[in-house]
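Colleague: Using the hints provided, position chain B relative to the given structure of chain A.
Protein chains: 2
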Amino acid sequence: MINIPQRILLGPGPSDTPARVLEALGRPTIGHLDPVFLQLMDEIRAKLKEVFRTSNEMTMAMSGTGSAGMETVFANLVEPGDEVLVGVNGVFGGRMADVAGRCGAVVEKLEAPWGTVFDQGEVIKAIERVKPKIVAIVHAETSTGAHQPVDRIGEAARANAALFLLDCVTSLGGAPVEIDKWGVDAAYSGTQKCLSCPPGLSPVTFSARAMERLAARKQKVQSWYLDLSMIKNYWGQERAYHHTAPINMLYGLHEALTIVLEEGLENRFNRHRAMAAMLKEGLAKLGISYASQEGHSLPMLNAVTVPDGVDEAGVRRRLLDDYGIEIGAGLGVFKGKVWRIGLMGYSSSRRNVALVLAALREILGK
Amino acid sequence: MINIPQRILLGPGPSDTPARVLEALGRPTIGHLDPVFLQLMDEIRAKLKEVFRTSNEMTMAMSGTGSAGMETVFANLVEPGDEVLVGVNGVFGGRMADVAGRCGAVVEKLEAPWGTVFDQGEVIKAIERVKPKIVAIVHAETSTGAHQPVDRIGEAARANAALFLLDCVTSLGGAPVEIDKWGVDAAYSGTQKCLSCPPGLSPVTFSARAMERLAARKQKVQSWYLDLSMIKNYWGQERAYHHTAPINMLYGLHEALTIVLEEGLENRFNRHRAMAAMLKEGLAKLGISYASQEGHSLPMLNAVTVPDGVDEAGVRRRLLDDYGIEIGAGLGVFKGKVWRIGLMGYSSSRRNVALVLAALREILGK
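For the record, the sequence lines run as chains A and B.
Counting from 1, position 246 in the first sequence corresponds to residue 245 in numbering that gives the first Met the number 0; the numbering is continuous, with no gaps.
Counting from 1, position 82 in the second sequence corresponds to residue 81 in numbering that gives the first Met the number 0; the numbering is continuous, with no gaps.
If we strip away everything but chain A, and leave its shape as in the complex, we get (with noise of 0.2 Å):
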């Protein structure tokens, strides 16, 4: 059997997963078609709405990572030649024009410095200008800590017939996310941030607007593994085989979303501030600033600059070796730069920050 330490993970995703999530995993597998799996399904869907504070009718978990949720709102939303008005200011702005491109779009980007976030009156002049056909912003931006801001966008868009397209991986589950509220017509998370259930689904939303987008497609979905066309027609209640669920992982995201709604959105909400403020005001006491813009720093992942003359790979493999305890190193231009600590989901609780606060501070020799 294979040999896996217990570490701590308290980098940019994955998160811990609890016990009862990894239980679930466990359970026997079942049929796509067994009717007990599909009544799963319907409690998947039904616990999601919630959690996405939507109630769109296609709300589901796509068989894929965080990044194939990305593609799917792009390939099904997405005809050749669309403009597509894309934020970028880290790496997952960033991918998002590189897929868009890939699908067809002509992408126009609106740029900001890594670890800023975009004034709202900003992204709504530039909707005015180009007039795209989608707009799409990163709401917890992975690479730089960056919490944007967007309950304005959805209105904006709406006035210009565009469709308002969010990414939520990092997000959903530890801030607020109000897909109904804030307008938007497509949205995609991971389940191993937040949500705590291990890697390899994408949980998505899309607005019945977005779903006639897709009806009045001239050309098919490029991805027939991502077709919303057809995959609608399994998740709803016409239950048509499309491809096989990866029916243990949804156990999981089952028994993951039912501890988050146990906990309760807004207790969520309010324990991932809570851990974020203890740790900043500790790593304030070590020397260690953060190098996301004053005010818009994400709860759940702290991007914190690497003190002057400190070896940033050392101290995360010291950390690793010494400690089990992961953390992030940046990405891109924050390459070498930044460490990335997250406070996600489960890995968000006292004694976690507590003890990452502690082995940094022998660490460094503070």
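Just to be clear, a hint being listed does not mean it is correct.
It does not matter which identical chain is meant; a pair holds if it fits inside one copy or across any two.
Mimicking DSSO-like on lysine-lysine, the simulated pairs with C-alpha atoms at most 30 Å apart in a straight line are [stated by the list, open to error]: (1) K219 / K334; (2) K365 / K284; (3) K48 / K132; (4) K279 / K336; (5) K336 / K231; (6) K217 / K132; (7) K219 / K108; (8) K231 / K46; (9) K231 / K334; (10) K48 / K219; (11) K130 / K180; (12) K108 / K180.
It should be emphasised that the hints constitute simulated quantities derived from the structure, not laboratory data.
All of these numbers come straight from a predicted model, not from anything done at the bench.
Modeller: Showing chain B alone in chain A's frame:
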């Protein structure tokens, strides 16, 4: 906690997951760049090479089900306008044609009646006539139970500058798959058939010729999620982050492959053949015959004709309700006319054959 019944899975997949694999799935989640996980990935690659009987460096598991593996081979190897010859004699050949078309291929279908196999001479003639960039064949057509001989196609493909793609979703681990000996350039499988790991991953392998075709592309691969030109840098020594791998599912695949290799491929193939023969003999006594061509029936998927006057769905329902046994319904033109009895991987046992025969005897009143 979710309440999952203990089924006996004798359908077209998933097959029963052995306890060791279920236990592996429930090991603690670790990071996708953790040195322990990277070591596990290397071991998975080595084991998959043995199971595929290949020395292909580019052998690994895609983060999606078997259909994602199908899309991977076409999305990476087809460029718009490429001629692709696809053998269609069931659902999965039809799916390949659909997927190839969505990737921009000009698809030429070679068709044969459901349940039959192609004569290899006919396939070779079609290759010489069409001169396609790619010829794609299903090795084990799960919708019809037909076992396609493919040992002569690779040579003809090579002689005509075509790549040879093979769907091994249902055959891998249950019947000989000889990637190198047969000259296969790209193949994909699923985990939930004869490997007896839950669904969610797709083992794939690509020859050096196929990787050269990929490297020579003029356009980006249309799918970011499945783009091997990036994914190879994560599974390879660079360990460059692409997407977050489905960690716990890969624990399961590692254990499932260990079990396959402990038994030994030849022993495994012999077991599948012997159990299929036992089932066939027992079904004959119940007056049930095969829907697949004589001499070309798959040992792991038995497509059999529903006897006249028998309630097709009613029998399946009684098997599930009274015995906890799942068998599969017919798809497409076989809908309502055929049962698909799978004896895949761990499910292929003397115990299960005896049980399903006894249950059918009772239900059919024989």
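Colleague: Run every hint past the structure and note whether it holds.
Modeller: Hint by hint, here is what the structure shows:
1. Within a single copy, K219 and K334 get their C-alpha atoms only as close as 39 Å, which misses the 30 Å cut-off; across copies the closest is 26 Å, which meets it.
2. Proximity of K365 to K284 under the C-alpha cut-off of 30 Å is restricted to the intra-copy arrangement: shortest distance 9 Å within a copy versus 80 Å between copies.
3. Proximity of K48 and K132 under a CA criterion of 30 Å is satisfied intra-copy only: 25 Å inside one chain copy versus 45 Å between copies.
4. When the C-alpha separation of K279 and K336 is checked against a cutoff of 30 Å, the pair qualifies only within one copy, where the shortest distance is 18 Å, while the shortest distance between copies is 65 Å.
5. In this assembly of identical chains, the alpha carbons of K336 and K231 lie at most 30 Å apart only when taken from different copies (26 Å versus 44 Å within one copy).
6. In this assembly of identical chains, K217 and K132 lie within 30 Å of each other by CA distance both inside one copy and across copies; the values are 15 Å within and 27 Å between.
7. In this assembly of identical chains, the alpha carbons of K219 and K108 lie at most 30 Å apart whether taken from the same copy (26 Å) or from different copies (19 Å).
8. With identical chains, the CA atoms of K231 and K46 are at most 30 Å apart within one copy only, with a shortest distance of 17 Å there and 36 Å across copies.
9. With identical chains, the CA atoms of K231 and K334 are at most 30 Å apart between copies only, with a shortest distance of 21 Å across copies and 40 Å within one.
10. Taking CA atoms no more than 30 Å apart as the test, K48 paired with K219 passes inside one copy only; the shortest distance there is 27 Å, against 35 Å between copies.
11. In this assembly of identical chains, K130 and K180 lie within 30 Å of each other by CA distance solely inside one copy; the values are 22 Å within and 56 Å between copies.
12. Within a single copy, K108 and K180 get their C-alpha atoms as close as 26 Å, which meets the 30 Å cut-off; across copies the closest is 49 Å, which misses it.
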